[in-house]
Amino acid sequence: MTSTHGTTKTAGPAVGPTPPEQTTATGQDGNGPQIQAVRRRICELLPPDAVITDHARLRTYECDGLAHYRVTPAVVVLADSVDHVATVVRICAAQRVPFVARGSGTGLSGGALPRADGVLIVTSRMRAIREVLPQDQRAVVEPGVINLDVTKAAAPHGYYYAPDPSSQQICSIGGNVAENSGGAHCLKYGFTANHVTGVEFVAPDGSVVELGGLAPDAPGYDLLGTVVGSEGTLGIATAVTVRLTRKPEGVVTVLAGFPSTDDAGAATSAIIGAGVVPAAIEMMDALAIEAAEAAVHCNYPDGAGAVLVIELDGATVEVQREFDEVERHCREHGAFEFRVARDDVERALIWKGRKSAFAAVGRISPDYIVQDGVIPRTSLPQVLRAIAELSSSSGVRVANVFHAGDGNLHPLVLFDESKPGQGEAAEEVSGKILDLCIEAGGSITGEHGVGIDKSAYMPRMFSDDDLDTMQMVRCAFDPDNIANPGKIFPTPRLCGEVPGRRKGEHPLAVAEVAEIF
Amino acid sequence: MAVEALIRAGPALTAACDDVSEATGADAVDGVQPAYVGRPGSTAETASLLRAAAEHGLAVVARGAGTKLTWGTPPERVDLVLDLTRMDAVVDHAAGDLVAVAQAGCPIATLQESLASAGQRLAMDETRPGTTLGGGIATNSSGPRRMLNGTFRDLMIGTTVVRADGVIAKSGGRVVKNVAGYDLGKLMTGSFGTLGVVTEAVFRLHPLPAASNVLLAGARDAATLAEMVRAMVHSDVVPTAVEVDWSPAGGGIGVLLEGSAEGVAARTATAGDLLGRAGAAETHVADLPPPSWGRYPEGVLLKVTCALSAVQTVLTEASRLGVTVCGSAGAGVLYGGLPAQRPPDDVRAAVTALRAVCVGTGAASSCSTRQPRSSPQ
Chain A
1 MTSTHGTTKT
11 AGPAVGPTPP
21 EQTTATGQDG
31 NGPQIQAVRR
41 RICELLPPDA
51 VITDHARLRT
61 YECDGLAHYR
71 VTPAVVVLAD
81 SVDHVATVVR
91 ICAAQRVPFV
101 ARGSGTGLSG
111 GALPRADGVL
121 IVTSRMRAIR
131 EVLPQDQRAV
141 VEPGVINLDV
151 TKAAAPHGYY
161 YAPDPSSQQI
171 CSIGGNVAEN
181 SGGAHCLKYG
191 FTANHVTGVE
201 FVAPDGSVVE
211 LGGLAPDAPG
221 YDLLGTVVGS
231 EGTLGIATAV
241 TVRLTRKPEG
251 VVTVLAGFPS
261 TDDAGAATSA
271 IIGAGVVPAA
281 IEMMDALAIE
291 AAEAAVHCNY
301 PDGAGAVLVI
311 ELDGATVEVQ
321 REFDEVERHC
331 REHGAFEFRV
341 ARDDVERALI
351 WKGRKSAFAA
361 VGRISPDYIV
371 QDGVIPRTSL
381 PQVLRAIAEL
391 SSSSGVRVAN
401 VFHAGDGNLH
411 PLVLFDESKP
421 GQGEAAEEVS
431 GKILDLCIEA
441 GGSITGEHGV
451 GIDKSAYMPR
461 MFSDDDLDTM
471 QMVRCAFDPD
481 NIANPGKIFP
491 TPRLCGEVPG
501 RRKGEHPLAV
511 AEVAEIF
Chain B
518 MAVEALIRAG
528 PALTAACDDV
538 SEATGADAVD
548 GVQPAYVGRP
558 GSTAETASLL
568 RAAAEHGLAV
578 VARGAGTKLT
588 WGTPPERVDL
598 VLDLTRMDAV
608 VDHAAGDLVA
618 VAQAGCPIAT
628 LQESLASAGQ
638 RLAMDETRPG
648 TTLGGGIATN
658 SSGPRRMLNG
668 TFRDLMIGTT
678 VVRADGVIAK
688 SGGRVVKNVA
698 GYDLGKLMTG
708 SFGTLGVVTE
718 AVFRLHPLPA
728 ASNVLLAGAR
738 DAATLAEMVR
748 AMVHSDVVPT
758 AVEVDWSPAG
768 GGIGVLLEGS
778 AEGVAARTAT
788 AGDLLGRAGA
798 AETHVADLPP
808 PSWGRYPEGV
818 LLKVTCALSA
828 VQTVLTEASR
838 LGVTVCGSAG
848 AGVLYGGLPA
858 QRPPDDVRAA
868 VTALRAVCVG
878 TGAASSCSTR
888 QPRSSPQ
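Protein chains in written order, with this note's numbering: chain A, 1 to 517; chain B, 518 to 894.
Some hints here could point you the wrong way.
With a straight-line cut-off of 20 Å between C-alpha atoms, the simulated DMTMM-like cross-links for lysine to aspartate or glutamate are [what the hints assert, rightly or not]: (1) Lys247(A) x Glu327(A); (2) Lys188(A) x Glu630(B); (3) Lys188(A) x Asp671(B); (4) Lys152(A) x Asp343(A); (5) Lys188(A) x Asp324(A); (6) Lys247(A) x Asp547(B).
Looking from chain A toward chain B, a few residues come up when the C-beta cut is under 7 Å (computed) [said to hold, decoys possible]: (7) Thr72; (8) Val82; (9) Ala86; (10) Ser124; (11) Asp217; (12) Gly229; (13) Thr245; (14) Glu249; (15) Asp465.
Don't read these hints as lab results, they were simulated from the structure. Using N, Cα and C, we set each Cβ at its ideal position, and we do this for glycine too.
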């Protein structure tokens with residue numbers, strides 16, 4: 001079975017011999033007394049078409065976009081409403097049974113991997129766009145709404161929704177909120193966290209709360225900012241208020257061909273150094289170009305060692321000036337071809353190769369790992385060279401596709417599962433790429449999330465004290481550890497151990513101190 | 518806290534930090550007198566000091582330049598003021614990565630000067646003269662440029678915090694794009710030092726614009742002013758800031774445009790036309806904002822946030838209540854000022870009325886009150 005992006009392997013290699021889906025991180029007993037009680041109660045309170053208990057149908061939900069990990073959930077709920085979600089969470093809370101939220105299931109870190117001993121709450125039926133409020137530059141949507149549909153609803157008013165993960169035609173806003181999704185244009189416009197001003201939220205005890213709203217800067221703690229990107233470990237968003245961005249007056253998209261990734265990287269640095277902040281700068285190397293050509297015939301420049309896709313947007317006069325800068329820096333750094341798209345059709349053609357890159361790699365390799373790591377932009381040349389050395393010394397091919405502007409790498413590690421040892425070799429290379437990112441002062445994930453896939457890597461980026469502090473936040477929201485347990489953190493924390501709890505009030509209880517009179 | 522217990526804590530504090538002294542009257546926090554002031558020179562020293570304070574049950578208030586220390590309710594008690602002004606270094610500026618690392622006690626203005634030499638800036642405003650990064654983060658203060666660039670919660674990409682028990686915890690990192698772990702920086706932003714002490718932070722930077730213009734236009738009534746705000750917010754001129762200033766005596770709009778010289782000139786002309794059509798009688802253009810730009814009003818300070826479409830209602834209602842309003846109308850974040858001499862009951866009535874307006878017009882958030890030291894309780 002292939003997944004959304006064709007991922008068949010873990011992006012971060014399993015540390016230790018046991019794959020996470022076979023450990024306690026995903027639960028072991030799908031038939032214990034607690035889950036049986038939960039299943040009974042859910043069937044009593046929810047309409048029959050909202051509950052799945054049949055084993056064959058449950059298996060449809062056994063993985064998300066990271067198809068390498070599979071766990072059959074004990075129960076699946078297809079929630080219609082916030083009431084459904086809250087009811088199910090309350091039932092789970094009463095029995096301390098874990099629940100996992102799932103949107104479109106396109107996540108690439110196994111964040112929506114079910115629990116064998118828990119309930120999978122699917123929000124894809126919650127598809128109402130409740131309000132489009134162009135005068136307020138906001139829209140209020142349910143979590144199952146597809147990312148691109150928000151932009152479609154806003155377009156008649158001259159607005160759009162800025163975060164654009166490459167899966168935007170199928171991924172849901174609820175999943176975006178859980179993962180703090182980015183996209184090609186987050187270089188200029190930021191991530192989901194910068195574009196969500198409020199959520200209606202079901203906490204792990206089943207209570208329904210509003211965090212934020214139409215207005216920014218809600219008084220009290222920024223719980224909204226804490227919840228966005230928490231990968232479903234603090235609760236479930238059941239409605240999301242998003243910021244709508246004014247559609248830019250001018251947009252210019254450029255495709256530039258370079259002899260090598262070093263040249264393209266130098267051009268990127270020169271553009272940013274000149275004070276230009278493009279909406280996007282994307283890079284593909286020769287192998288990624290080869291794959292894209294094979295798949296979608298995007299007609300990228302012949303013989304290019306790397307291409308840059310650069311998009312500029314904003315007021316037309318500024319875009320024109322920035323375009324001149326971009327062209328100058330590209331040519332000065334060896335661009336031998338420089339194509340400009342001036343309308344939507346030409347633009348779509350340029351983006352086609354980039355946006356299809358992950359799937360296209362399937363044309364040149366039967367299996368591959370989509371890695372997601374981040375490095376400071378200035379270390380791009382040395383990290384790319386290190387990846388190339390890793391590739392040549394191991395014999396594992398690596399295609400590079402990435403958001404060059406913000407240093408977010410998506411190396412595609414190619415292998416053939418049918419050849420003995422290749423899968424393991426690919427996993428090793430993929431893991432070493434993450435080590436390179438950490439060594440360069442970067443991150444183990446820029447947009448795909450930690451999920452179950454990279455939890456073992458968290459201690460390489462954060463100290464025990466860092467992780468312990470994050471888990472104190474988790475314990476404040478979810479003392480029983482039932483909201484998507486086993487994700488993000490390598491080891492669970494017993495919330496009774498919270499240091500300082502004996503000394504004062506619960507952190508949430510003092511949430512109003514900053515306010516008032 | 519009993520005097521004997523406080524005296525017993527002294528040696529522990531002195532052992533933890535080499536700059537601890539007895540507090541003076543000038544160190545009072547909103548009228549509450551502390552016993553000690555500690556000035557740590559590093560994150561490690563901050564941790565030692567907080568650990569010692571926790572062991573002795575001392576109540577701690579962190580302080581930067583002290584420009585917003587009277588915001589919110591006064592503390593129930595203060596035993597130790599943690600003064601972070603010794604930690605004022607710009608630790609690192611990776612210009613090629615558009616990233617800077619600075620200590621919490623570093624004044625925003627100092628950081629900006631340092632960054633400007635490389636043609637960059639932290640796209641935040643100094644809202645009170647001398648304000649530090651740590652104070653800005655703790656109070657989530659923001660100025661005019663927030664409309665385009667966001668606030669500390671959007672621009673802080675890495676945070677080092679010392680917990681009340683002295684444990685040092687980091688989150689985020691040195692890269693802009695990063696979703697590993699919880700974003701504790703956002704939780705710290707606006708938490709008024711109640712969750713821990715931020716000692717160091719990493720910021721995303723922006724290039725300094727080559728040129729800028731400010732358009733200033735008066736408005737004859739709140740409806741016209743709101744119409745001018747709408748004209749800017751829903752235009753293609755991409756303003757960095759849309760500010761209003763409105764009191765019962767009148768007021769107007771300020772629009773900041775930043776970019777290239779030729780771009781700013783063209784956009785200024787467009788914005789001027791749009792403002793004229795929205796009802797501006799006359800528009801003045803200056804290349805730099807006036808000195809008072811983005812500064813919070815004096816007296817009793819109210820933060821009033823609302824949905825964008827409710828700006829007109831808020832302006833009208835504020836006028837009726839005798840509240841002077843200024844701030845980022847383009848973002849829906851306004852600041853109300855009341856003379857410090859107004860009787861408390863009067864202030865309370867105005868706050869209650871304004872809060873009802875904000876909530877009634879779709880804002881989940883209401884207005885909160887920052888009581889200045891000088892005003893009568």
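Contradicted hints - numbers only: 1, 2, 6, 7, 8, 9, 10 and 13
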